[in-house]
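We have chain Y; now place chain X onto it with these hints.
In order, the protein sequence lines correspond to chains Y and X.
7 is the number of the first residue of the first sequence in this note's numbering; add one for each residue after it.
7 is the number of the first residue of the second sequence in this note's numbering; add one for each residue after it.
Keep in mind the hints are simulated off the structure, nothing from the lab.
Quick caveat, the model's predicted, so the values are computed rather than measured.
Warning: the hint list may mix true and false statements.
Treat identical chains as interchangeable: a pair holds within one or across any two.
[What the hints assert, rightly or not] Calculated lysine-lysine pairs in the BS3-like style (CA-CA distance at most 30 Å, straight line):
{"no.": "1", "residue 1": "108", "residue 2": "72"}
{"no.": "2", "residue 1": "79", "residue 2": "59"}
{"no.": "3", "residue 1": "79", "residue 2": "195"}
{"no.": "4", "residue 1": "105", "residue 2": "72"}
{"no.": "5", "residue 1": "127", "residue 2": "179"}
There are 2 protein chains.
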Amino acid sequence: MNYPNGKRRFTQNPTPQKKTKPDFSNRGMSLEEDINLTNEYYLEAGIAVVHKKPTPVQIVNVDYPKRSAAVIKEAYFKQASTTDFNGVYRGKYIDFEAKETKNKTSFPLSNVHQHQVDHMKAVVSHGGISFLIVKFSPLEEVYLLPSPMLFTYWDDQWNGGRKSIPYSYIMEKGTRIPFHYQARIDYAKTLDKLYF
Amino acid sequence: MNYPNGKRRFTQNPTPQKKTKPDFSNRGMSLEEDINLTNEYYLEAGIAVVHKKPTPVQIVNVDYPKRSAAVIKEAYFKQASTTDFNGVYRGKYIDFEAKETKNKTSFPLSNVHQHQVDHMKAVVSHGGISFLIVKFSPLEEVYLLPSPMLFTYWDDQWNGGRKSIPYSYIMEKGTRIPFHYQARIDYAKTLDKLYF
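Looking at chain Y on its own, in the form it has when it is part of the complex (with noise of 0.2 Å):
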């Protein structure tokens, strides 16, 4: 898949799906991916500069081979301290956690973690924005959500409320995002709406 300017994309994928026509469905591709293609285009259209950190890996064991590239033998996933995705559009700070979910009905707050939490508690509180983009995979519908109304859910989930985000709100308050050929989950666009 080439950009019109003649540049080949690039993946954090190590198998890219290649594909003979062009596929305008949404279908087959993780949301993961589509927001790395998101932000390559976005990267090289002078849009803007948002990467996924790397997963972060415990190393305790590395080979050197002679004459070759070292060979990590032993190490371990560990659980990210923060979001995914983080970077800066029109001058400002923005950081947002990808989530998607089989479920139609609600979102499961058991899918965020209490440190990613803080951290979007600590961002937002330091004047950057802070989002989530939540797909619901069966019903192909992508949203943005500020995190404070996650907050809102997160907080009352310890006194007693609801373990999920019903669809509904989500629907109601969040910014549905439309799908398109080149900015897949276009949400740049959608923040344009939402904070500029």
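Okay, now just chain X, sitting in the frame of chain Y:
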């Protein structure tokens, strides 16, 4: 090592250096460790939210033993496509790379990579604050150098220019970051002077 508020410090370093007495000197700590400690202090004190990005790793083979954590059995180091640190400070996006040199008279440009410079230029063009933290280890001196000063030397090297930035230039045009006990590399104070 505890903060005055009683919270334990955490570190990405698997073998934290234990010290019986507070050590006010900077010796023995890497620049990266010092910046990580500074960022932890900034987070606890509500000054800024800045994290080091995890080392990017290409995971090839993972073992999933029963009843225990997944073990990464084969993986390789990948080159980072961005800088090491980013976050939000006083509402602004900040993004930087930290580099140590054993050189006393200049900072060799070979410490920086083209894709990092590309990233820094993109950050600047989107209104983010981009800079280098340079430590001259033999001198125990740390400087903040706004990225545009690097760009001049970086671009000139391909036009017959020198392959390093003179120490005298960094001393004059950069800003010295003094060493403090809590904010060991107190770059936020330096940013106050330069950007706010």
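Hints and how they fare:
no. : hint         : in the structure
1   : 108 with 72  : between (47 Å within a copy, 26 Å between copies)
2   : 79 with 59   : both (22 Å within a copy, 22 Å between copies)
3   : 79 with 195  : neither (43 Å within a copy, 41 Å between copies)
4   : 105 with 72  : between (42 Å within a copy, 27 Å between copies)
5   : 127 with 179 : within (19 Å within a copy, 36 Å between copies)
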